[in-house]
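Chains as they are written, first to last, in our numbering: chain A, 1 to 307; chain B, 308 to 630.
These aren't lab readings, by the way, just hints derived from the structure by calculation. Note that the coordinates shown come from a computational prediction; the quantities given were computed from them, not determined experimentally. Just so you know, even glycine gets a beta-carbon here, dropped at the ideal spot from N, CA and C. Heads up, a few of these hints could be off.
To be verified - For lysine to any residue, the following SDA-like pairs were computed, each having C-alpha atoms within a straight-line distance of at most 25 Å:
| no. | chain 1 | residue 1 | chain 2 | residue 2 |
| --- | --- | --- | --- | --- |
| 1 | A | K196 | B | Y625 |
| 2 | B | K431 | A | G252 |
| 3 | B | K431 | A | V296 |
| 4 | B | K601 | B | T341 |
| 5 | B | K431 | A | A182 |
| 6 | B | K431 | A | D186 |
| 7 | A | K196 | A | S255 |
Stated by the list, open to error - Pairwise CB distance ranges, derived in the manner of DEER restraints:
| no. | chain 1 | residue 1 | chain 2 | residue 2 | range |
| --- | --- | --- | --- | --- | --- |
| 8 | A | Y138 | B | R549 | 37 to 47 Å |
| 9 | B | L421 | A | I19 | 32 to 42 Å |
| 10 | A | A170 | B | V483 | 37 to 47 Å |
| 11 | B | R547 | A | T172 | 29 to 39 Å |
| 12 | B | D552 | A | L98 | 33 to 43 Å |
| 13 | B | G454 | A | I19 | 25 to 35 Å |
| 14 | B | A334 | A | L98 | 27 to 37 Å |
| 15 | B | S400 | A | P140 | 35 to 45 Å |
| 16 | A | N32 | B | D552 | 51 to 61 Å |
Read off the chains here:
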Amino acid sequence: MPPLFKRLFVHPPLAPLLIVASFVPGFFDAANLVNLGNQVALYGIVVTGLVVVMIAAGFDLSLGVVMAVAGVTAMTLAPHGLPLAFAGALLAGAACGLLNGFLIAILRINPFIASFAMLVMLRGGILYLTDTRPVAFYDPILSKIGRGTILGVPITLLVALAVMLIIHVALTTRPWGRHLYALGSDERAARLAGLKVRRLKIGVYVLCSVLAALAGVLLAARVSTGSPIVGETTALMAAAAALLGGATLRGGEGSVAGAAVGLLFVGLMVNVMNLLVIPAYYQRIAIGALLILLVVMDGLVARWRGR
Amino acid sequence: MSTAILFQGDNRRRRLDRVGPIWIVLALVLVAATLLSDRFLSPDNIVNVLHQGAIVGIVALGMTVVLISGHFDLSTGAVVMMAAVMSIVIGPSTPGLTVVAIILPLLAGAAVGLVNGLVVAGLKANSIIATLGMQFLLFGGVLAAVGGAHVRTDGETEFFLALAGGSLFGLPMPVVVFLGLAVFAAVLMHLTVYGRHLYAIGGDVEAARRAGIRLVRDGTFAFVLSGTFAAISGILVASRVRHLDPTGVAGYEFPALTAAVLGGAALSGGIGRPLDTVAAILVITIVTNVMTLKGLPYSSQLFAQGLILAAAVAYHEYRRRES
Numbered sequence: 001m002p003p004l005f006k007r008l009f010v011h012p013p014l015a016p017l018l019i020v021a022s023f024v025p026g027f028f029d030a031a032n033l034v035n036l037g038n039q040v041a042l043y044g045i046v047v048t049g050l051v052v053v054m055i056a057a058g059f060d061l062s063l064g065v066v067m068a069v070a071g072v073t074a075m076t077l078a079p080h081g082l083p084l085a086f087a088g089a090l091l092a093g094a095a096c097g098l099l100n101g102f103l104i105a106i107l108r109i110n111p112f113i114a115s116f117a118m119l120v121m122l123r124g125g126i127l128y129l130t131d132t133r134p135v136a137f138y139d140p141i142l143s144k145i146g147r148g149t150i151l152g153v154p155i156t157l158l159v160a161l162a163v164m165l166i167i168h169v170a171l172t173t174r175p176w177g178r179h180l181y182a183l184g185s186d187e188r189a190a191r192l193a194g195l196k197v198r199r200l201k202i203g204v205y206v207l208c209s210v211l212a213a214l215a216g217v218l219l220a221a222r223v224s225t226g227s228p229i230v231g232e233t234t235a236l237m238a239a240a241a242a243l244l245g246g247a248t249l250r251g252g253e254g255s256v257a258g259a260a261v262g263l264l265f266v267g268l269m270v271n272v273m274n275l276l277v278i279p280a281y282y283q284r285i286a287i288g289a290l291l292i293l294l295v296v297m298d299g300l301v302a303r304w305r306g307r
Numbered sequence: 308m309s310t311a312i313l314f315q316g317d318n319r320r321r322r323l324d325r326v327g328p329i330w331i332v333l334a335l336v337l338v339a340a341t342l343l344s345d346r347f348l349s350p351d352n353i354v355n356v357l358h359q360g361a362i363v364g365i366v367a368l369g370m371t372v373v374l375i376s377g378h379f380d381l382s383t384g385a386v387v388m389m390a391a392v393m394s395i396v397i398g399p400s401t402p403g404l405t406v407v408a409i410i411l412p413l414l415a416g417a418a419v420g421l422v423n424g425l426v427v428a429g430l431k432a433n434s435i436i437a438t439l440g441m442q443f444l445l446f447g448g449v450l451a452a453v454g455g456a457h458v459r460t461d462g463e464t465e466f467f468l469a470l471a472g473g474s475l476f477g478l479p480m481p482v483v484v485f486l487g488l489a490v491f492a493a494v495l496m497h498l499t500v501y502g503r504h505l506y507a508i509g510g511d512v513e514a515a516r517r518a519g520i521r522l523v524r525d526g527t528f529a530f531v532l533s534g535t536f537a538a539i540s541g542i543l544v545a546s547r548v549r550h551l552d553p554t555g556v557a558g559y560e561f562p563a564l565t566a567a568v569l570g571g572a573a574l575s576g577g578i579g580r581p582l583d584t585v586a587a588i589l590v591i592t593i594v595t596n597v598m599t600l601k602g603l604p605y606s607s608q609l610f611a612q613g614l615i616l617a618a619a620v621a622y623h624e625y626r627r628r629e630s
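Make the full structure from the sequences, and use the hints.
Quick look at the structure:
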């Protein structure tokens, strides 16, 4: 099978889904497409970070709560100026990533569990600090960034595309990218080859959390509110997109381009379900089933290749 | 290969005759709690602590068994909710319905465990993502089935109410059930061939396979046990309330995982003792109870639990690397 055909029709079946989508009334409405673009944009930023972590044989379940932390931080600091809001939120993200990296690279804790503990800790922390209430602040520029369009393209989508392009280029052309693939496929070999494994690992978790924080700020900007409860399902949606796009849970594989296609699939699926007014519960069922299917395939592929 | 060789490695970690360090922590936490709050030792509060600890503790016992087999089960929170909703929707108002309201959720919990086990032990899927997917599926499924609404029941039989409300030898019924299941799990893990097989699988899958242990069957059963235990917990929740908000019964898997790890179960499998999990669940329940008594909100308790999990994992992993 030609790779492009496979990418669009089989893994994931994006093209068939697009054909189905085109029959759904309202799919091609400008408002829906902008909405789809906005949704996909935020996830796109998050998924890009997750793919980098997954290439390095790691995982990050705390993405969603980092979005919440960043959104709340940005909206709390926004009255003192936008640069401060952005810097504060991204710094908060970097701090979370550093902590993840410390737990995973230095204390060598299983990444799923380390980020799971972080997730609960941060969720509790942010709910405590905000007293479970969202922080609202309206700023015209921030709102424009969150929901505005340039030539009909959502600004957030442009940001997402820029992020994806930068990371894609870095992964495919810079030594850093090759080092990550090497680290992900065989950590011992990477260390013996002289790679600074710890530094690389901490780096990917910081990058992943900073990107999640960026997505969190954009989300908060769109609704002029930083909510402490957003992002509950983000990590698993992102995981589904990354797995669909060819990343594995064992590392060494995956690409930004693949994740983008995977993300389009998940985004389209959710969008079509929204248009058909399928309740959120059923969407959860669909995502849960999709995830189970994906990890089963992930496991089977690993066995066939004898790894 | 004889199984004797297989088990020589770190047998002392599994033997019953050594007191785990968690029991010392429990003693210290007890003293601290008594000093911090004069209401802690009141009979009402002690019963409350035991009650809460028992319901999460039953889930934690199942989690411990699954961890020993080398996997995770994060679907248990959703199983608790599913079982509780099933029990209440069936409405145990007659003896016949009471039996159904107990048996059906148990079977459903076992069935979820079976699927988890086949997916993880059989098809070699990553257990964290697979069981999180299962959690989504069940959560969405139950909410869709009840239309997102609260469920309620009336006129339960005395027997059903006694499951959570009754007491035996002065202990609340859930505590009796919890202790019974703890003894069951301890006997299963330490004194039966099945338990030895599970430690072997978690310790070294390849060695276990070569020793002739049936990986899929034995690994799957650990998940079935975990699903069934979670369902028992759900039935106890149902017996405690007339009126249940399904979304309110969530997140049991997190304290359960924290307790199992705090009790010394290794994330990489092969190590852990159900009785140490009992001590750990008491530690966690006492810490959150004292926080409640001191007027700290639930969010700060979440923070504390996350901190305890991270610290416990860091401590145990560090010690294992040292030895």
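**Message:** Tell me the numbers of any earlier hints that the structure contravenes, in ascending order.
**Reply:** 10, 11, 15, 16
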